[in-house]
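Listed below are the residues making up each chain.
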Amino acid sequence: MGYISEGFLRAFELLVSLEAETCSAIITTISVSSMSMAASLVIGIPTGFALGYFTFPAKRQVRAVVDTLLALPTVVVGLIVYAFISNRGPYGNLELLYTQPGIAIAQTLLVVPIVISLTATAVEGLDRRLKPTLHALGARGAQIALTSLMEARYAVLIAAITAYGRAISEVGVSMIIGGNIKWHTRTITTAIALETGKGEFGMAIALGIVLLLLAFLVNGSLAVLRKRS
Amino acid sequence: MSSKPPLYQVTGLVFRYGERFELNIPDFSIEPGSAVGLIGPNGGGKTTLLRILAFIERPQSGEILFDGERTSVEDASVSRSVSMLLQEPYLLKRSVFENVAYGLKVRGKRKRLEQEVEEALGTVGLDSQDFSRRPWYELSGGEAQRVALAARLILRPRVLILDEPTASVDEKSALLIKDAVIESRRKDGTTLIIASHDHVWLNSITSDIRRVYRGRVLGTAVHNVIIGPWAEIGEGLCRATLPDGQPVTATCPPLPGMHGMVDPTDIVISLDRPAMMSAHNTIQATVMSLEMNGDTGIVNVSLDTGGFRVLARVTRHTAREMNLLPGEKVWAVFKASSIKWE
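Going down the list, the protein sequences come from chains A and B.
Going by my numbering, 88 is the number at position 88 of the first sequence; the sequence numbering is gapless.
Going by my numbering, 202 is the number at position 202 of the second sequence; the sequence numbering is gapless.
Zero decoy hints are in this set.
Quick list of in silico lysine-lysine cross-link-like pairs, DSS-like style, CA-CA up to 30 Å:
#, chain 1, residue 1, chain 2, residue 2
1, B, LYS93, A, LYS227
2, A, LYS131, B, LYS93
3, B, LYS111, A, LYS131
4, A, LYS227, B, LYS105
5, A, LYS131, B, LYS109
6, A, LYS59, B, LYS93
7, A, LYS131, A, LYS59
Just so you know, the hints here were simulated from the structure itself, not pulled from any lab data.
So that you can see chain B by itself, here it is in the shape it has in the complex:
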């Protein structure tokens, strides 16, 4: 029996920027047609990983299988299946039409060019009549971002990689960008790989979110990462301290230097401080935001504990019953054994 290989299968990938930064990913895969989100702090390696997946950068070692085949930066047929939108997109010093049509022109596809450009601009909410002839310097930040996205969407790539696409755009542009990429995935089966700090926006596109931290991909879902350091306190337990001084207890990691991961669904939210519970960890926090996790009936609750963000997940019913609102003081409760190690 033969099963379809993942679109990307990355093994033993190492990429170094001098002495200071190393991206080290032992194993990482992305399924065709999926939407994968990457979150994590600046300088953690998200952009480098995206550039490697876009075949713009070449890792020092490791193997990238694309569709089950080994490939590289030089392989034009494969790398042309992937298009990346940089965090700060660059528009050519030409008209909007020329910018959007460029990718098709370099592929020698000049048929129905005007119609294709019109459609691509329409997908990102720009009126072709109004924008097509405009020069690059007559666009706002959000419009430029959308023109750059249209220049990628017109190519109907198999993989669309977006690096912080909403970092410098207004709410309306962020919404239009979201609609455009969801439509591209629905219509053309485009695989989406998106790095963003905007968790709400990212959650509205995909629930498959992976955390990139200090050059490692941690977890295959939205996990809360507790970095440590973890100090042994006896009886097989270790303790770390959150920025506001609250302790977190876990069963000790198998290896030193590992990071603790807490699944948001393992966190229980309580309005009152619970007493006499089997769970070791009771953290006081403030509700920062609530957002629907797509149409799953689950609500993502973002909590803050002295600058440290904790994500918990509750059902819509629970959120309504508890009358959870931003600004409310709550208690986040989870077991020491629910902390996993990576």
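Isolated chain A (complex conformation):
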């Protein structure tokens, strides 16, 4: 049991001293997941809104596909993206493999179904009185659509935060696409996997604590938003 308490002590030292390697993994994680979040929100919110707001043929089937993609395994996403961006793949010339943008692209594919699905659910769940109310107040077409999205804003934020939680905690994509390169593509999760394998519990625990803090922050924000929505 001694090595666990020693690990916690070492973790405390690393965090208090802002040790460079630990900080690098944290910054890489936040940087990569922020990139993927930005992209997935740009793609996911309009797509999710359209899926929830409009009625069109095969809407149910599209919804079923999106909902299935929620359970997409991270290693499968990593594998697919690897196939496309490796030197032998069709986008090999873009040299995205083992880069932070490469990880961000794969993470975007991983979390965009979450944003689409939760946004669509939020829009579908809007109060049935909203549309006639907006109509009665004189809003038309795009004004009704935009106001409807604004009414769903807290639920859309919940979608974004849930997606962020998934992005920062995934390991498969970061490992396969990023290659876990120190100072470059090593994220919190890949570092924990590596350091645990090496028996360096101090750093693994330190990074685990940071990851847990981030998760608490995400869940805390979710709780506040759920109350408001």
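Based on the hints, put chain B in the right spot on chain A.
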């Protein structure tokens, strides 16, 4: 000679909800600047009719002329002249100010916005200083209803449609809502169309009350509707039975399935059971309430006969002379020939 067309002229309107419900109105009109009340049981079609008149719903068939012109849900210029307050109003997840200002903003009218909002809130008895910045969730039911009404009044619509505006508000809010809509009609000439179960409240706004029952608009005034079934008893007379078992006799309807209508002014109230009268119908009832019919000098007397409400009208002088009071047992008398058919 050209006469001004009605504001609404509805012809051959049919609206169906699946197999179960059908609104069927062959002919219906509303004059500009008038106040029309709609009464009737739940599920009778009041809300559907209001939504059609507000251009929120589109009927399956029929024609609606607005100001003499054919119009539809898509016609924004016309439908923006009409604003409807739903039975359970929805407030946007924004401040009171943003809720009230929304309609003007979507019309691109942003001048004097603060002043307009302040005035609209004042009309419904809400202090702008106190309420303007409040979020939607910090309002009571009555306050929310009044904020929603202010959001419509600020638009100065040509037609204001209210669906059960007092259904879930306290007495004070009901009074303020009444004052606000009467003021809107007086000041801006707004046409009011109001559905309500609160007959006293509705009567204090208008005496033009129409009954909506099973998808039909019955009568153009406050009539007592005797649904039937009507069974022939000979000599051209038919009989129906009220819920408490008392019979009502009428000259038979021209077509089967028609409803009997008794004008409240055709009902005579007697404190003693009248004997040897030419009138066929003598119904025992209990006085439930008395209310003034605006300032017409007429008193609306609501009677109950085993759960069936009968409305009679007497002069204020008669009500005073007879010393009519709620709870009193009386006799309602009317002729078989006074029952009209729709």
